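Number of protein chains: 2
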Amino acid sequence: MTRLQDDLMARARPDIEKIEKELKANLTPYFDLVAQTAGHLMFAGGKRLRPLLIVLSARICGFEDPFVYRFAGIFEYLHTATLLHDDVVDGASIRRGKPVAHSIWGAPTAVLTGDFLLARALSIASETRNPKIISVVAEVTEQMSQGEIYQLMKKGDLFFSENEYFDVIMRKTGVLIQGACRTGAMLAGARRKWEDALAGYGRNMGIVFQIADDILDYTADTEVLGKAVGADLREGKLTLPVIYALKNAGEKDRTEMEGIICRPDFTKIDFIRLIELINKYNGIDYSKKTADAYLKRAQESLSPLPSCPARDLLVIVAEYALKRDK
Amino acid sequence: MTRLQDDLMARARPDIEKIEKELKANLTPYFDLVAQTAGHLMFAGGKRLRPLLIVLSARICGFEDPFVYRFAGIFEYLHTATLLHDDVVDGASIRRGKPVAHSIWGAPTAVLTGDFLLARALSIASETRNPKIISVVAEVTEQMSQGEIYQLMKKGDLFFSENEYFDVIMRKTGVLIQGACRTGAMLAGARRKWEDALAGYGRNMGIVFQIADDILDYTADTEVLGKAVGADLREGKLTLPVIYALKNAGEKDRTEMEGIICRPDFTKIDFIRLIELINKYNGIDYSKKTADAYLKRAQESLSPLPSCPARDLLVIVAEYALKRDK
Chain Y
1 MTRLQDDLMA RARPDIEKIE KELKANLTPY FDLVAQTAGH LMFAGGKRLR PLLIVLSARI
61 CGFEDPFVYR FAGIFEYLHT ATLLHDDVVD GASIRRGKPV AHSIWGAPTA VLTGDFLLAR
121 ALSIASETRN PKIISVVAEV TEQMSQGEIY QLMKKGDLFF SENEYFDVIM RKTGVLIQGA
181 CRTGAMLAGA RRKWEDALAG YGRNMGIVFQ IADDILDYTA DTEVLGKAVG ADLREGKLTL
241 PVIYALKNAG EKDRTEMEGI ICRPDFTKID FIRLIELINK YNGIDYSKKT ADAYLKRAQE
301 SLSPLPSCPA RDLLVIVAEY ALKRDK
Chain S
1 MTRLQDDLMA RARPDIEKIE KELKANLTPY FDLVAQTAGH LMFAGGKRLR PLLIVLSARI
61 CGFEDPFVYR FAGIFEYLHT ATLLHDDVVD GASIRRGKPV AHSIWGAPTA VLTGDFLLAR
121 ALSIASETRN PKIISVVAEV TEQMSQGEIY QLMKKGDLFF SENEYFDVIM RKTGVLIQGA
181 CRTGAMLAGA RRKWEDALAG YGRNMGIVFQ IADDILDYTA DTEVLGKAVG ADLREGKLTL
241 PVIYALKNAG EKDRTEMEGI ICRPDFTKID FIRLIELINK YNGIDYSKKT ADAYLKRAQE
301 SLSPLPSCPA RDLLVIVAEY ALKRDK
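Chains Y and S are the protein sequences, given in the same order.
The first sequence maps to residues 1 to 326 in this note's numbering.
The second sequence maps to residues 1 to 326 in this note's numbering.
I should point out that these hints are in silico values taken from the structure, not numbers from a laboratory.
All values reported here derive from a predicted model rather than from experimental measurement.
Hints may contain errors.
The list treats identical chains as one, so a pair stands whether inside a single copy or across any two.
[Said to hold, decoys possible] Here are the computed lysine to aspartate or glutamate pairs in the DMTMM-like style, where the Cα-Cα straight-line distance is at most 25 Å: (1) K237 <-> D32; (2) K24 <-> D312; (3) K132 <-> D65; (4) K154 <-> D32; (5) K247 <-> E17; (6) K268 <-> E251; (7) K323 <-> D167.
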C-alpha cells in the first residue's frame, strides 16, 4: 500500500503543488474569516484527487494551459463546500484529524463559507465562457445536493437497500468525479469519444472511491483515518458492508445488528461485535469485491485513450482509491 | 399605501401568475422533501419582486419569449436559498408568518435544500448558454454569500458603521437585484446603455428595498410583517436606524441604547424605549430620507430607456419597495 501511495505521490507531486498554489490564491482575496474557515479544512491534508483527475484528463487530451490548475480547484471547492455542510448536517466532530470547522467558528460560519465555496466554484467555471462546461458543473452541484438530501431522508432506515445506496453514492461522488474528468476533457476540446471515456472512468472511479471510504469506516484506525471510525453508523448512515450483512443475516443475528445500529451511542464493544457479524455475512468482503469490479470498469474505460504517462497515472489513482488506508 | 399596492398588483398579476407557475414546475420533479421544504417558504406569500423585475427588464428591451418566466425563477431560488440558510444562521423562528423551515424539518434539511436551490438556479442560468449571463448569476451568488459572512462577522459590533452597513446591503441585496435587472436586459440582447440603465435601477432599488426592510423591523406590526419585530437586533444585526442614532446620541443616551442592544433578551418595554431613543436622534427619519434618495436614483436610472408600461411599472415597484408595510 505504502509503495502504491509513494509511487502516486512521486508522479503527481508537481501537479499537486500547482493545484495547492491555485487553491490558496483563489481564496486569499476574500474575508479572513472565509479563508480561515475554508482553509482549516481545505489545507488539512486533503488528497486533491479530484483536481488531479482534471489536470490528468485535460493532459491526456492534449491540454497543458496553466488555467487548468485554476479550473481544477473548482472540484475541490465543491467538495469542501459539501464537507462543511455535511459536517453541520451530520453533527460530526472530527475530520482529517482536526475538529470540524463548525465546532470552532460555529455552524453559521460553516454554512456560509460552504455557500461561498459553491459560488466561487461556479464563478471560476463561468470564466471558461464555455456553456457546456458550466452546465456540467451546475449539474454536478445539483446532483450532489440531491444525493445528500436523499441520504438524509434515508437516515436510520433499516431497509435502505443496495440499489438506494448506489443511487446515493452515484449522486454524491460518482457524478462529481465524472464531472471532473469530463470537464478536463472538455477544456481540451477533446473529441466526444475521449470525453466519454474519461467520464466513464470518473463515474466508476467515484464509486470505487466511495465504497472504499465506506469500508474504511469499519476497518480503519481512527488515527490513520483522521475521523472517528463507525461515524457513518452513529449518524444513521447505512453503507454497503452493513446493508449486505443485514440482508443476508439470519433472523437472530439481524435482530442483534439492528439493536446496535439503532443505538447511536453504541459502545466500542457493540461496534466490535457488529463488525464480527458483518464479517460473518461477508459484508466487508462483498464490498471490496464490488469496489474491485468498479475499479476494473474504471480502468477499462480508459482504453480508447492514447497511452501516455497521464493515462498510466489515472490507472494508479484508481487503484489507490481502493487500496488506501485513509 | 394600499392603493399603491393594489395598483402594482393589478398591473403585475398576469406576470406574477406565470412566475408562480414556473417556480412550481421547476421544483416538482424533485424529491418530495425538497419540494416541501423549499415550497413551505417559497409559496408562503413571497412578493416575487425579484422575478418580476427580470420579466419587466427583459420586456422593456423587447424580449417576450416565455423562457423569461423560467429564467426569472433563478433569482427567487437564490433568494429562497439565502433565506433558508439565513434562518438557520440567525436562529430565526418565524418568517412570512410561518414557523421557519428548519424548525419543522431540521437544520440539515434546510441547509441542503438551500444548496439544492443554489445549484438549481445556476443550472437554469446555464440553460441560456450565455456565458456572460451565467457569469453574472455566479457573481451575484458569490457576493451574496460574502455579504452574509461580513454581516455575521460584524454581529453585535457596536461600532458597525454606516459605510460597513452599506457594504453589507450592497452585497446582500443590491447586487442581487442589480443582477436580476441586468440579466433581464442581457436575455433580450439589449444594447449596453440599456443594460447599464437597468442594472443601475436594480442596484439602487435593492438598496431602497433593504433599507425599507430594516426600517420595518422597527416600525411594523408583527402580524402584518409576518416575522418578529426587533428580530434584527435580537440577532445582533445593527441596521441604519440604530447605527445613525448611536452615532448621534449623547453619551448618556448612547450608553442606555447599548445596554438594550447588548441584551438579546430585551423586553418589549426595552424595545419601545430603544425606538424612542432612535427617534430622538432621527434614526428612522434619516433612514427614510436615505432610502428616498436611492429611490430617486433608481427612478432616474431608467431615463435612457424607452417609455412603456413595463418601465412605468418599474417606477411603481421602486416606490412600493419603500412605502410597503411588510
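Hints and how they fare:
no.	hint	result
1	K237 <-> D32	between (34 Å within a copy, 20 Å between copies)
2	K24 <-> D312	neither (28 Å within a copy, 48 Å between copies)
3	K132 <-> D65	both (19 Å within a copy, 22 Å between copies)
4	K154 <-> D32	between (37 Å within a copy, 13 Å between copies)
5	K247 <-> E17	neither (45 Å within a copy, 50 Å between copies)
6	K268 <-> E251	within (23 Å within a copy, 60 Å between copies)
7	K323 <-> D167	within (23 Å within a copy, 50 Å between copies)
In terms of the numbered hints stated before, the structure departs from hints 2, 5, listed from lowest to highest.
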